[in-house]
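A.B. asks: Chain F: place on chain X using the hints.
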Amino acid sequence: MAIQSPSLEIPAGSVKATPASATRGYWQQVRRRLARDPITLICSTVLLLIIASSLAAPLLGLADPYKTSMIRRLQPVLSPHYFLGTDELGRDMLSRLIYAGRLSLFMGVTPVVCALFIGGLLGITAGFVGGGVNMLIMRIMDVFYAFPSVLLAISLSGAMGAGAENTLLALTLVFIPPICRVSESVTTQVRGFDFVDAAKASGAATLTIVRVHVLGNVLGPILVYATSLISVAIILAAGLSFLGLGVKPPEPEWGLMLNTLRQAIYVNPLLAALPGVMIFLTSICFNLMSDGLRAAMDVKA
Amino acid sequence: MDAFVPPKDRGGPAQPLLLAKGLRKHFPIPGGLLGRSSKVVRAVDDLSFTIAKGETLGVVGESGCGKSTVARLLIRLLRPDRGTVVLDGDPVDEPHGINLNELRRNVQMVFQDSYASLNPRLTIVETLAFAPRAHGLPTHLARARSRDLLAKVGLEPATFADRYPHELSGGQRQRVNIARALALQPRLVILDEAVSALDKSVEAQVLNMLVDLKTELGLTYLFISHDLNVVQYLSDRVLVMYLGKIVEIGPVEAIYGNPKHPYTRALLSARPSMDPRKRTKEAPIQGDPPNPIDPPSGCRFRTRCPFAEEVCAKSEPALADSGAQAVACHMSVPGSGHSKAA
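So the protein lines, in turn, are chains X and F. When we follow numbering that gives the first Met the number 0, the leftmost residue of the first sequence carries the number 0, and every step to the right adds one. When we follow numbering that gives the first Met the number 0, the leftmost residue of the second sequence carries the number 0, and every step to the right adds one.
So here's chain X without its partners, still in its complex pose:
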């Protein structure tokens, strides 16, 4: 009755017919799923275009985004020499929209990345250690949760004064609690699995267990969530600039441009809407992309 080989429980064909190539890692599966998702692919392409063009703006042979011209103010879209018209000071809109991407994207991504580090660290610590530490960290986060995020960002920026650095700081603070909460809940979930207990029972150091067994399983969902926050950050940063709390003129930034062009809304509504279109396009692409990532990473064997 003793067992010599495992062949009894493996369907005879499966072992022979599945060489190493069929053994796919998790990330290979994710990549394969993403390749089959046209919406995510389109959004990623659009985002890449926006990011690449704003980064490479000086190489594109665009007009000077700061050069004003009193006689060529508020030229309509598709006018000669000015593909997307000019703003209220006669500056080239196309050039300014592309250059503005640098600051707007920076203001959207940086706070989320900073908050990802701080909030992720806090959340994973709270989730893995549990008990009193969890209680302390999560109750502090709840204090931040008591305020609506927009209000919190505005009041922090207002208190610290206008300027890009203060906006970044305010936005980082706003995004730490939600990222912390998501990190805490996925870590708590992973900690409950037997493989973490098995790792503890192996006598490995706590940091090794977190690195090998926890991070690999929580990083995916946390990153997906953070991606969805980038769109919010871009909108919030633009909103702060619109209110005069963020970037100062004449720096091109989508929110600020929206603000300065609002006087022209009756004269040339299409022109005034352009920065808004850029904000909308970027944030919806980030949102749809994070949805696609979430779907692709939700692998259940």
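The hints are simulated quantities; they were obtained by calculation from the structure and are not laboratory data. Do not rely on the hints blindly, as some may be mistaken.
Stated by the list, open to error - Below are the PhoX-like pairs computed for lysine-lysine, each with C-alpha atoms no more than 25 Å apart in a straight line:
(1) F/Lys38 <-> F/Lys313
(2) F/Lys313 <-> F/Lys339
(3) F/Lys20 <-> X/Lys199
(4) F/Lys213 <-> F/Lys151
(5) F/Lys7 <-> F/Lys213
(6) F/Lys151 <-> F/Lys7
(7) F/Lys199 <-> F/Lys151
(8) F/Lys213 <-> F/Lys52
(9) X/Lys199 <-> F/Lys213
(10) X/Lys199 <-> F/Lys7
(11) X/Lys199 <-> F/Lys151
(12) X/Lys66 <-> X/Lys247
Claimed, not checked - Computed far set for chain F versus chain X, every beta-carbon distance over 12 Å:
(13) Gly11
(14) Gly63
(15) Glu93
(16) Ala143
(17) Leu227
(18) Ser314
(19) Ala319
To be verified - Covered by chain F, according to a simulated footprint, are these stretches of chain X (three or more residues, beta-carbon under 8 Å):
(20) 188-202
(21) 205-214
Remember, predicted model here, so these are calculated numbers, not experimental data. Even for Gly, the Cβ is constructed at its ideal location relative to N, Cα and C.
C.D. replies: Here is chain F on its own, set in the frame of chain X:
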């Protein structure tokens, strides 16, 4: 690597490999002001037993009687509220004893849920190499060992080493879990319902493999299960638990052939019979086990015991030798006041 000398025998064959004395774990119930509360679940209450070198001690009992808590206490995934664990003469986590790291070199565990106990993001060989690497074995050696371990549990290393857990069947995953428990060359392996979730045919294969591994590697098993037949097949001695207490412990022949405690008798008569003429007519015990938050006074089994008398509510029966086995029942203690006591 001096970290990789396998743990050796120290006290000789007569010294028990593991001795648990007065082990107790009460779980506080969350609730009340600021999460504090006076109510506790008495999961394990003053448990004392020994495991001899080379034997298999089976642990049986209903769901929720504290079997898994005992396993987690022994390997220190849970800290006992009271009591000591002595491993081959060395008290665990005490000034003159061994630390937890050493305990875990000696004692390993196989969990019930074969899927949840494997990290889905790691390949099989990575999972198996984790513990040896954490104990200082260089990566290439740890990987080579992992492949040997796979072969030892009947999985072809070339086929399975680089697979992920979701690409394996339940039986194959449980073999990997057993291999992982063996990776540190332990002396005692705790099998917590390790075969309960498997198909009957696969279960038989894995059980046979466990028997073979035990002889080959000179292991000692603590085998926790609710399946009485499996326990009978595998165990040398059996420990019967009820509501966090030992009600009867003894050699497998004595427990199965001549059960003394009414609870053990009820458990054994609840086994489905292969013989249609011996079909179980009525439920041997009625109702659910009492709430472990507020266990009955005296003998904990008295609320469901057909022989319960006044004395059973008054005093708690101690575990006392009664022939080959030890039983915690007033009926087995002469002069206890129970009418059936000899």
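A.B. asks: Given the hinted pair F/Lys7 and F/Lys213, is their Cα-Cα distance within 25 Å?
C.D. replies: Roughly 16 Å separates the two Cα atoms, so the pair holds.
A.B. asks: Would you mind confirming whether the straight-line C-alpha gap from X/Lys66 to X/Lys247 stays at or under 25 Å?
C.D. replies: holds (17 Å)
A.B. asks: Would you say F/Leu227 is clear of chain X, with no C-beta pair closer than or equal to 12 Å?
C.D. replies: holds (20 Å)
A.B. asks: Between F/Lys213 and F/Lys52, does the CA-CA distance stay at or below 25 Å?
C.D. replies: holds (11 Å)
A.B. asks: For F/Lys38 and F/Lys313, compute the direct alpha-carbon distance and say whether it is at most 25 Å.
C.D. replies: holds (22 Å)
A.B. asks: Decide if the proposed pair is consistent with the structure: F/Lys199 and F/Lys151, CA atoms, cutoff 25 Å inclusive.
C.D. replies: holds (22 Å)
A.B. asks: In terms of Cβ atoms, is chain X entirely out of 12 Å range of F/Gly63?
C.D. replies: holds (18 Å)
A.B. asks: Check whether the Cα positions of F/Lys313 and F/Lys339 lie no farther apart than 25 Å.
C.D. replies: holds (16 Å)
A.B. asks: Under 8 Å between beta-carbons, do enough residues of the segment 205-214 of chain X, three at least, approach chain F for the coverage claim to hold?
C.D. replies: holds (count 3)
A.B. asks: Quick one, are X/Lys199 and F/Lys151 close enough, alpha carbons at most 25 Å?
C.D. replies: holds (24 Å)
A.B. asks: Between F/Lys20 and X/Lys199, is the straight-line Cα distance small enough, at 25 Å or below?
C.D. replies: holds (24 Å)
A.B. asks: Checking the smallest CB distance to chain X, is F/Ala319 really beyond 12 Å?
C.D. replies: Fine: 34 Å to the nearest Cβ keeps F/Ala319 off the interface.
Taken one by one, the earlier hints all hold for this structure without exception.
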